Amino acid sequence: MRVGPMELVIILVLVLIIFGPGKLPELAKAAGEAIAGFRKQTEGVRKEIDEAVQEVQEVKKDIKPF
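All residue numbers for the sequence shown refer to the numbering used here, where the first residue is -9 and numbers rise by one.
Think of the hints as simulated: they come from the structure by calculation, not from any bench. Check before you lean on any hint, since a few could be wrong.
To be verified - Straight-line Cα separation of at most 30 Å, DSSO-like style, residue types lysine-lysine; simulated pairs:
id: 1; residue 1: Lys19; residue 2: Lys30
id: 2; residue 1: Lys51; residue 2: Lys37
id: 3; residue 1: Lys30; residue 2: Lys54
id: 4; residue 1: Lys19; residue 2: Lys37
id: 5; residue 1: Lys13; residue 2: Lys37
id: 6; residue 1: Lys50; residue 2: Lys37
Quick caveat, the model's predicted, so the values are computed rather than measured.
Sequences and hints are given; from them, build the entire structure.
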């Protein structure tokens, strides 16, 4: 599910109406920090999954000769 340009404009207008232009920099900073944190967490989870898959493949390779 993607947000198109028209939906993004509507969201930005609503944010401006609700919070006002003074709060916009604070909201943008908080949103940026949240996105960065989310990316960091997903990267960590992806790394753990890759390591687990590699371990399973090694065990599978060790068991296969039997």
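Taking the hints in turn, this is what the structure says about them:
1. This hinted pair checks out: Lys19 and Lys30 have alpha carbons roughly 17 Å apart, not beyond 30 Å.
2. Simply put, Lys51 and Lys37 have alpha-carbon atoms about 21 Å apart, close enough for the 30 Å limit, and the pair holds.
3. With a C-alpha separation of about 36 Å, the suggested pair Lys30 and Lys54 falls outside the 30 Å cut-off, and the hint is violated.
4. Restraint check for Lys19 and Lys37: satisfied, since their Cα atoms lie roughly 27 Å apart, inside the 30 Å limit.
5. The straight-line distance between the Cα atoms of Lys13 and Lys37 is roughly 36 Å, outside the 30 Å bound, and the hint therefore fails.
6. Between Lys50 and Lys37 the alpha-carbon distance is near 20 Å, which keeps this suggested pair within the 30 Å criterion.
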